[in-house]
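Participant: Listed here are the chains, written in short residue letters.
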Amino acid sequence: MFEAVLSNGVVLKKIVESIKELVTEVNLEITSDGLSIQAMDSSHIALIVLILKASEFEEFQCDRPQNLGISITYLNKLLKIAGNDDSIKLKSESDSGILTLTFQGPNNEKICEFNLNLLTLDAEHLGIPEQEYSAEVKMSSLEFTKICRELTQVTDTLNISIDKEAIKFAVSGNVGAGCITMRGNVSDKVEENLFIRVNGNVNMAFSLRYLNLFNKAAMLSEEVVLFLSPEVPIVIQFVFDLGELKYFLAPKVADDN
Amino acid sequence: MFEAVLSNGVVLKKIVESIKELVTEVNLEITSDGLSIQAMDSSHIALIVLILKASEFEEFQCDRPQNLGISITYLNKLLKIAGNDDSIKLKSESDSGILTLTFQGPNNEKICEFNLNLLTLDAEHLGIPEQEYSAEVKMSSLEFTKICRELTQVTDTLNISIDKEAIKFAVSGNVGAGCITMRGNVSDKVEENLFIRVNGNVNMAFSLRYLNLFNKAAMLSEEVVLFLSPEVPIVIQFVFDLGELKYFLAPKVADDN
Amino acid sequence: MFEAVLSNGVVLKKIVESIKELVTEVNLEITSDGLSIQAMDSSHIALIVLILKASEFEEFQCDRPQNLGISITYLNKLLKIAGNDDSIKLKSESDSGILTLTFQGPNNEKICEFNLNLLTLDAEHLGIPEQEYSAEVKMSSLEFTKICRELTQVTDTLNISIDKEAIKFAVSGNVGAGCITMRGNVSDKVEENLFIRVNGNVNMAFSLRYLNLFNKAAMLSEEVVLFLSPEVPIVIQFVFDLGELKYFLAPKVADDN
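Residue numbers (the numbering used here), protein chains in the order written: chain A, 1 to 257; chain B, 1 to 257; chain C, 1 to 257.
Incorrect hints may have been included.
Which copy is meant is left open, so a pair is good if it fits within one copy or across any two.
As the list claims (entries may be wrong) - The list that follows gives simulated cross-link-like pairs (lysine-lysine, DSSO-like), each with its CA atoms no further than 27 Å apart: (1) K89 <-> K53; (2) K168 <-> K89; (3) K14 <-> K164; (4) K189 <-> K20; (5) K20 <-> K146; (6) K20 <-> K168; (7) K91 <-> K146; (8) K216 <-> K146; (9) K13 <-> K146; (10) K168 <-> K91; (11) K20 <-> K89; (12) K14 <-> K146; (13) K216 <-> K80; (14) K252 <-> K164; (15) K168 <-> K80; (16) K146 <-> K80.
To be clear, the hints were calculated from the coordinates, so they are not data collected in a lab.
With the hints as constraints, model all of the structure from the sequences given.
Facilitator: Following this line, the structure appears as C-alpha cells:
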C-alpha cells in the first residue's frame, strides 16, 4: 500500500510538465523515505533523476518498497484536470494495478477522483557514482533559461567555459558567432546573483535542444545549479521544497558538429 | 423594413462567436417581439435556439414578420470590425436583399458601415414541445466550461448523473477513468454556487466535443442551466440581458462508444 | 571604421522587426550624418527608406562613407538575444568583413558580443524625387493598424479616399461591402487625433497585405503620416526620436482586382 498527500499539488503538475517531453513511461520508486524517478530519455542522451522526500508531504505511507510503472503522458493529462490550488492525493492498494489520484480544491464541494492503470516496466536502477566536479555555478534559473533560448537562434551547440571570475556561453553558426559573459556577482536580487566555484577550468559543449527541455523545470525553482567536469555529463539541478530534479547530459564531442 | 440598435454591441459579437462553429447559414426570424434563430448544426446532432427580445434593444422596428437569410461566417467577419465599445445598428429595407450594419464608437468621429448580402434559405421552424425535465442544475458557466475542457483530456464521452445531493461528471478512456463530483451549494460567489432540482435521478452520456462548442457562450453569462430527462436531448441554457441562447444535444447511446 | 552606440537598443530591435518580412538582405549606408537603408521588397512593389541620424546616437563615428551588406534575417536573430533594456553597440573595423554587436544590460555583470558576417551586395541607390502630395493625413498609428487589419477580413484591396473633411477606407468583397469614415479631429488623446491637409481630393486603392506589413512599425511611433497623390506611390511615414522609417507602395490599378 502507498498513500501520499500533497497540499500544494501544483508542484506535482510542474514536475510532470518538466519531464513529459523527455520520458513517456517511468517507474515511480517508492520507499518510506520518499518517491523517486530515474529515467533515460528515449534517445539515451539525457538522464533524469527526481527525488521527493517523504517528510515534505503532508502524509506519506508506504508499507514496503515498490515500483509503480506509470505513463507520464497519461499522468500529465489527468494532472491537467487538477486546479492550481488543489491538494493532490496519490494512493495505490497493493496489487490493485491502479494509482488513484484525488484532487480537492479549497472549496470542498468539488472532488475529482481518477484511476490510472499501472504498467509493468523493466526496473533498471543505475548506480550514479558520487563525483567531485571541477566547477559549480549557481545562477538565476530564469536567466539561464533566457540565455539558452536566445542562443538557440544561432545554433544548437552551446559552449560553456568557466574560470574563477566568469562563465561564458559561446555559440558559432551560419548566422554569426558570439558569446555571453557573466561575472560572479552577489546581489539581493535572485536574478542577478551568480556564484562560481572552480577547482579547474572547464570548456565543454552541449546540445541546446536538451538544455531548453531541462529548463522547463525553472518553474520549480528560482535558481539552477550547474556541475561540470571535463568529459563527464553536466548536471543541471533544480532544488525545491519537496526535493530536487536533476538532469544529466553528456557533452558533445567535436565530431558531433 | 427592419431596424434595431444595440448600444452594447459587444453582446452581438459574442453571440455570433458562440454559434459560428456550429452553423454557417441561418435565418434571422424577425417579428415585433424580437429577433430569433433556430438552427440545426451541420451534422444534425445539435439544435441552437437564440431569442433576443425587442424590448431590450435601444431601438427596434419591424413592420412585418420576416426572415433574413445570412451567412454567419461573413457576419462574424464584419462584426470583428466593430470595436468592443461600439454600438451596432442593424437595418434592412424591404426587398433590398441587404442587411446594413453600422458600428459607431463612443468617439463619434469614426463611423463604419457595411452591407451584407442576404441569402434565400429554406425556412424550417421546428415546434419544440414544452417539457418537464427530471433534473435541473444551475452552476457557474466558467466551472462547467473548465470541467468539460479538462475531461476532454481523457475521452470524448461525458457521463452526467444527478441525484438530490450532487452532480457527477464521469469519464472512462485509455488514459484512465474517474469522475468529478459537485455537491449542491449556496454561496455568495457565483463560481461556487450550485443549485440542483431533481424529480427523478438521471444518468446520461454526451459528446464533450459539442459541449465544448456550446461553452463558448459562457462569455455571455456567468451561469449556465442544464435541463435533463432520460432519453431526451439535454438543454444547455445561457440567459443574458438581451435574451437567451439554448443548445439542445441528443444523448449518446451505449453503441456510440 | 564605423562605431555607433545606442543606449535605447530596443529601438533597433523594433526597426529590424518592422522590416524583416519585406527584405532579407540590405546595405547599411553609413556616412558621418548617420545610417540609412533603401531597399525594394523582394517582389519590387514596395520601397523601404530608413534614416537614423548620427546626432541621435550616444556615440557615432564613421571615418568614410561605406556600405555594410547585412542579412536582416540573421541580424534579427542576433538582436533577439539583446534584452529590451540593453544598450547596443555596432562596430565594424575597415575591411574586417564583420559587424560586431555588443549588448549590455543595466546590470554590467552580463555582456553579450556577437559577430555578423558582412555580405557583398549590389549597391543600387535610387534617387527619390521630392514631391508635393495632394493629400496628407496624420493619425494614430494604432487606429490605422486596426483599420487595415480589420478590413483584411473582407478583401485585400483597400480604397482610400480623402477630401477636406474626412478620410474613407472602403472595401468590397464576397463577404460584403462597406467603409470606415473618419473625420478630422483635434483631441488631447493621440488615438483620437486626425489631421487632414488636402490640395486635391484623392481616391486610390492599395494592397492591405502590404499595409499590414508596414504597420509593424506602429511600435516605433504613436502617429503615422500618409502622403497621397493620384497615380503615385503612397508614402507611409513613421517618425521617431532616432529618425524615420518610410514605406512607398504603388497603387493598385483596376485590373489588379
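Participant: One pair to classify: K89 and K53, alpha carbons no more than 27 Å apart. Within, between, both, or neither?
Facilitator: Within. Shortest intra-copy distance 15 Å satisfies the 27 Å Cα cut-off; inter-copy 49 Å does not.
Participant: At 27 Å max between alpha carbons, let me know whether K91 reaches K146 within a copy, between copies, both or neither.
Facilitator: between (38 Å within a copy, 25 Å between copies)
Participant: Within a copy, between copies, both or neither: which one fits K14 and K164 at a CA-CA cutoff of 27 Å?
Facilitator: For K14 and K164, neither the intra-copy (34 Å) nor the inter-copy (37 Å) Cα distance is at most 27 Å.
Participant: Within a copy, between copies, both or neither: where do K216 and K146 come within 27 Å Cα-Cα?
Facilitator: Classified as both; 11 Å inside a copy, 24 Å across copies.
Participant: Under a CA distance limit of 27 Å, which applies to K168 and K80: within one copy, between copies, both, or neither?
Facilitator: between (38 Å within a copy, 18 Å between copies)
Participant: Are the CA atoms of K189 and K20 at most 27 Å apart within a copy, between copies, both, or neither?
Facilitator: neither (31 Å within a copy, 36 Å between copies)
Participant: Is it within, between, both, or neither for K252 and K164, if the alpha carbons may be no more than 27 Å apart?
Facilitator: Within. Shortest intra-copy distance 23 Å satisfies the 27 Å Cα cut-off; inter-copy 64 Å does not.
Participant: First find the shortest C-alpha distance between K168 and K91 inside one copy, then the shortest across copies, and answer within, between, both or neither for a cut-off of 27 Å.
Facilitator: Cα proximity of K168 and K91: across copies only (21 Å, versus 46 Å in one copy).
Participant: Can you give me the call for K20 and K146, within, between, both or neither, at a CA distance of at most 27 Å?
Facilitator: This pair counts as both: shortest intra-copy Cα distance 21 Å, inter-copy 23 Å.
Participant: How do K14 and K146 come out at 27 Å by Cα distance, when the copy is not named: within, between, both, or neither?
Facilitator: both (19 Å within a copy, 19 Å between copies)
Participant: At 27 Å max between alpha carbons, let me know whether K146 reaches K80 within a copy, between copies, both or neither.
Facilitator: For K146 and K80, the Cα distance is within 27 Å both inside one copy (26 Å) and across copies (11 Å).
Participant: Using 27 Å as the alpha-carbon threshold, which applies to K216 and K80: within, between, both, or neither?
Facilitator: Both: 16 Å inside a copy, 20 Å across copies.
Hint compliance for this structure: hints 3, 4, 6 are not met, and every other hint is.
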